[in-house]
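Both chains are sitting in their own frames, so use the hints and assemble them into the complex.
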Amino acid sequence: MLEEKPWLMSRRLLLKVIGGGAAWLSLNKLTTALAQVSSQAVEPLPGFTGPEANPYWGSVGPFVIYPQKLPLIQLTDRPIQLETPRHYFLTPFTPNAAFYVRWHLDEIPNAVSLSDWRLFLEGNVGKNLALSMSDLMSQFKPVSIAAVNQCSGNSRSRFQPRVPGGQWGNGAMGNAVFTGVRLKDLLESAGVRPGSSQVQFEGLDRGRGPEGKGSHSYLKSLGLSDPVIGETIVAYEMNGEPLPMLNGFPVRLVVPGRFATYWTKALTWIRVLTEPDANYWMSKAYCVPNTLRGNTTPKDVNEGKVEMIPVGTMPVRSFIIAPDGSGKIPEEMPVTVRGIAFSGYGSVVKVEFSWDGGKFWNKAELGENYGQYSFRTWQTTWIPKRTGKYILAVRATDERGNVQPDEGVWNPGGYLWNKIERQEVIVGAAK
Amino acid sequence: MGKASHIIIGLLLVALSGTVLAENEIPGLIRSGQYREGTLGSVIQPGQVQQTSDGVYSVGAYPLYTPALAQGEGREVVQIFCRFCHSTTYLTMQPPLPAAAWEGVVNKMINTYGAPISEDSAKQIASYLRAHYTQTARKP
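Sequence order for the protein chains is A and B. Quick note on numbering: my numbering labels position 409 of the first sequence as 409, and the sequence is numbered without any gaps. Add 431 to a position in the second sequence, counting from 1, and you land on the number used in my numbering.
Think of the hints as simulated: they come from the structure by calculation, not from any bench. Please note that the accuracy of each hint is not assured.
[Said to hold, decoys possible] Cut-off 20 Å, straight-line C-alpha distance, at most; resulting in silico cross-link-like pairs (EDC-like, lysine to aspartate or glutamate):
{"no.": "1", "chain 1": "A", "residue 1": "Lys363", "chain 2": "A", "residue 2": "Asp406"}
{"no.": "2", "chain 1": "A", "residue 1": "Lys184", "chain 2": "A", "residue 2": "Asp226"}
{"no.": "3", "chain 1": "B", "residue 1": "Lys554", "chain 2": "B", "residue 2": "Glu534"}
{"no.": "4", "chain 1": "A", "residue 1": "Lys141", "chain 2": "A", "residue 2": "Glu241"}
{"no.": "5", "chain 1": "A", "residue 1": "Lys389", "chain 2": "A", "residue 2": "Asp324"}
{"no.": "6", "chain 1": "A", "residue 1": "Lys284", "chain 2": "A", "residue 2": "Asp300"}
{"no.": "7", "chain 1": "B", "residue 1": "Lys539", "chain 2": "A", "residue 2": "Glu211"}
{"no.": "8", "chain 1": "A", "residue 1": "Lys299", "chain 2": "B", "residue 2": "Glu534"}
{"no.": "9", "chain 1": "A", "residue 1": "Lys359", "chain 2": "A", "residue 2": "Glu407"}
{"no.": "10", "chain 1": "B", "residue 1": "Lys570", "chain 2": "A", "residue 2": "Glu52"}
{"no.": "11", "chain 1": "B", "residue 1": "Lys570", "chain 2": "A", "residue 2": "Glu43"}
{"no.": "12", "chain 1": "A", "residue 1": "Lys328", "chain 2": "A", "residue 2": "Asp356"}
{"no.": "13", "chain 1": "A", "residue 1": "Lys284", "chain 2": "B", "residue 2": "Glu534"}
{"no.": "14", "chain 1": "A", "residue 1": "Lys419", "chain 2": "A", "residue 2": "Asp406"}
{"no.": "15", "chain 1": "B", "residue 1": "Lys539", "chain 2": "A", "residue 2": "Glu307"}
{"no.": "16", "chain 1": "B", "residue 1": "Lys539", "chain 2": "A", "residue 2": "Glu303"}
{"no.": "17", "chain 1": "A", "residue 1": "Lys284", "chain 2": "A", "residue 2": "Glu307"}
{"no.": "18", "chain 1": "A", "residue 1": "Lys385", "chain 2": "A", "residue 2": "Asp324"}
{"no.": "19", "chain 1": "A", "residue 1": "Lys16", "chain 2": "A", "residue 2": "Glu368"}
{"no.": "20", "chain 1": "A", "residue 1": "Lys385", "chain 2": "A", "residue 2": "Glu331"}
{"no.": "21", "chain 1": "A", "residue 1": "Lys359", "chain 2": "A", "residue 2": "Glu424"}
In isolation and in its complexed conformation, chain B is listed as follows (with noise of 0.2 Å):
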């Protein structure tokens, strides 16, 4: 074959190649095929559990699924006192508070459900949490 008709099958092929192309446009299609990894995380399933025929119904251990305090002075005491009787996720739960509802807080717990708090450790406790958990304090 001679250099023209080479010619003429790579115009044929760029047409061809063109109709193809033309014939994918999917009018309305933005996007597609898009992917990325998963950045909130997989639920896993949790396993079945045997049975006994006996009078015992038991759904066995709660899980514990607390957040992490925010690093600073008086968190261990906050660790130490809190903990006693609720996980620290009751803290981290709440949205900014003022200081003074804080302080609140914490002397709800000394005075209406008896937590063994020494009047240092309860202001070690305000002084963190108004430091790390008030409006101008918390962070994302």
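Just chain A, same shape as in the assembly (with noise of 0.2 Å):
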């Protein structure tokens, strides 16, 4: 039986969203496979946006295939980032084969194999551990967690003035079962030694650059007073299936609440360090303003007045996902309108949407709770009374009362985006 812990899945909602053995067909009955879609198919978008925000709900690149997923937006090529196209998220969670896709360093793994790859731990510890995959899921108890993946630059493209950078539209994200080991276990297991402050964290997501700077190897730590350290998970199964190569192949961290930069992909070492971690992608990279929301201005920051802090939990998000925009709605017509919402400080307790661009707001309907690091779907009935065109606007609160402004924020990372989700839709006549 798996603990019943408020983060982690019930055996009940376990076996509703993947099943016993036939874990992909009965997963599929909660997702669907559908692009990006516009009202012709002739014109194609620009291959850029800028100087201005852009506009759109994704970002603009071509849809490109690559293994063990279905078309999704190419950002990059090498090292590899994919964006998933807005449509997979009408459903809480989001395919392997959709799920997007962000390595940091051009040294990815193309074949693993487990016969000799083990998982380190090391440091200081009372023992080194190296197991195995069959290690992993056998000396340890196996624990499930629903939990949402953002990209700490998720709708980096919507900030002004623009920022260097990984310019994603909204698809970032991506939400799954994720089942592996809790890191506690492990710890506990190798033996933390007194004098020890964090956890670092490395994976096969390395480049060819010279040892000690970024382009070697990508570092991510977590303070071991943190107490997202006892949440945190060893993943080897996500939705059900073995992680996709470009997910993370064997294993990676899963790290709920936080910002997928902690999620260290194909994840190999685990390092329990005496002094905190100095280098680059957790002293340079991923930080962003101490200051409320972490915003700031280009004045500030080139006046060299910011502090800056590692990027840490996820603000609370929503979206709608349909309408688009794509189609015209004939007036009275009823419709669904539809999208998910999403917190890294606790379940999303409120939904609100709005049809007259955020003057007026009415509560919409929640789907099921998958647990407080999950997507949570939402809906509503709208009728448009009249022809004309309509902002809808959405926005979530959280358990500890944070609601989505309405304001953007800019620092220089392209970080914590929340701002409050539009989408212009076009009311037609219908007599």
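Structure representation (structure tokens):
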């Protein structure tokens, strides 16, 4: 039996979502494979956006084919960054084959032999461990959690002024049921020695740059006293299947509520440190201003006034997935407006919908609760009474009372975007 | 048959064809049967691969889909140095950026990522980016 913890999935829900043997078959009932749509199929999107904000829901790159993936939106091809098209978010769980991809360095695995691969626990521990995939599955109690994985730079293309970096639309996120072993169980097994401060994670996200530089290896760390350590798992299954190679096969770290920068893919070394990790990926990259919402200005950055700290928890967000503006809506036809919401700070308790651009709000109906770190679907029925242009808007509130703001954010890394989302739709005559 | 009957049959046919046309007029149908060459291209499906039952899990090589860089002075230097760690899709993906932002990017590659780029080459790279990938210079 799985333990009943608020952040873990109950056995009842787990069976419902991924079933017993035919996991993928039952998951298919919750996921549909649809691509991005338009009311025409002749004119291409522009090849880039800017200097204004990207006005589209997703990024503007072409659809491309990668191993174990359906056509996804290309950001870059070496290292690989692929965005999930909008319509895969109609369901609470994002199919593995459509789950977005973001690697930092270019020497990433094409083939891994589980006969030789081991997960190493080392550093300030009582006993070094080298665990095979079979050891992980048989020697430790499996736990499952539904958790949102979102890139820190999701929606970076909304920033004004624009900032360099992966020009993501909204699709650098996904939700999956991850199954694996607790990080705590692994650390206990190795025995953390006194004087330890952080745990460092290194995967097979490596490059050809010089050792000691950011281009050599992607290294991330979490503080041992950080409560998230107790909820973190080393996952060998994603939505009831092995992880796709591009999503971190054989195992990846799952750090619920935190941005994906900490979710080390192809995790191979867990290292207990006695000193705070000062490597590039902790001290320079993925840092945000130590201000409210991580907000600042280009002027303050240039004047050196901004203290930067590592990015952490995901602020509350919600999205309109349908209607997507690709077709007109006939007046007086009831429309099911659908989407997802999530927050790294706790369960989404309220989603509000507006059809007048955010002047008046009405509560939407929430879908099944798969745990506080999962996507929560929402829907509402809207009957447009008159023809014309409408601006639909959605905003979510989490259990800590965090509400999405109606202001954007600006910081040099392009992180923490969570402004209220809007969708323009045209209502046409029906008589 | 006489001339008159020909005229009558002719008139009847005109009347009939008129009726047929009227029957084909579907209220509200604005356009139909329109096609044109697909200009957005098609995506070829990948073939299936034989798997083995040993411990090796393989996905083969990852495909590159790298757009061409703008022609101009400094393009070769950009290709030599920038492509050492990443494809130039990292460049073409960016929005038009101010020259200072591009210089910042080049410096970051040298200082924090350890890219072995000489001062002279760095200047050529920054100058190429300024000439083609800033707001005033960028071509669709």
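The hints, checked one at a time:
For the given pair, Lys363 (chain A) sits about 17 Å from Asp406 (chain A) by alpha-carbon distance, which is consistent with the 20 Å threshold. For the hint pairing Lys184 (chain A) with Asp226 (chain A), the CA-to-CA distance comes to about 12 Å; that is within 20 Å, so the pair holds. Taking the CA atoms of Lys554 (chain B) and Glu534 (chain B), the gap is about 9 Å. The hint holds against a cut of 20 Å. Our distance criterion of 20 Å between C-alpha atoms is met by Lys141 (chain A) and Glu241 (chain A), whose separation comes to about 18 Å.
Straight-line distance between C-alpha atoms of Lys389 (chain A) and Asp324 (chain A) comes to about 13 Å, which keeps the hinted pair within the 20 Å bound. Between Lys284 (chain A) and Asp300 (chain A) the alpha-carbon distance is near 17 Å, which keeps this suggested pair within the 20 Å criterion. With a CA separation close to 16 Å, the supplied pair Lys539 (chain B) and Glu211 (chain A) stays within the 20 Å bound. Using a Cα cut-off of 20 Å, the hinted pair Lys299 (chain A) and Glu534 (chain B) holds, with the two alpha carbons roughly 17 Å apart.
Among the hinted pairs, Lys359 (chain A) with Glu407 (chain A) is consistent with the structure: their alpha-carbon atoms are about 15 Å apart, no more than 20 Å. Straight-line distance between C-alpha atoms of Lys570 (chain B) and Glu52 (chain A) comes to about 15 Å, which keeps the hinted pair within the 20 Å bound. Annotation: proposed proximity of Lys570 (chain B) to Glu43 (chain A) holds, straight-line Cα distance about 18 Å (limit 20 Å). Taking the CA atoms of Lys328 (chain A) and Asp356 (chain A), the gap is about 17 Å. The hint holds against a cut of 20 Å.
For the hint linking Lys284 (chain A) to Glu534 (chain B), the alpha-carbon distance of about 18 Å falls within 20 Å, and the restraint holds. Among the hinted pairs, Lys419 (chain A) with Asp406 (chain A) is consistent with the structure: their alpha-carbon atoms are about 5 Å apart, no more than 20 Å. The hinted pair formed by Lys539 (chain B) and Glu307 (chain A) meets the criterion: a straight-line CA distance of about 19 Å does not exceed 20 Å. A distance of roughly 18 Å separates the Cα atoms of Lys539 (chain B) and Glu303 (chain A); the hinted pair therefore holds under the 20 Å criterion.
With a CA separation close to 11 Å, the supplied pair Lys284 (chain A) and Glu307 (chain A) stays within the 20 Å bound. Distance check on the hinted pair: Lys385 (chain A) and Asp324 (chain A) sit about 19 Å apart at the alpha-carbon level, within 20 Å; holds. Simply put, Lys16 (chain A) and Glu368 (chain A) have alpha-carbon atoms about 11 Å apart, close enough for the 20 Å limit, and the pair holds. A C-alpha spacing of about 6 Å is found between Lys385 (chain A) and Glu331 (chain A), which places the hinted pair at or below 20 Å, so the restraint holds.
Restraint check: the Cα-Cα separation between Lys359 (chain A) and Glu424 (chain A) comes to about 15 Å, which is no more than 20 Å; the hinted pair holds.
In this structure, every one of the numbered hints holds.
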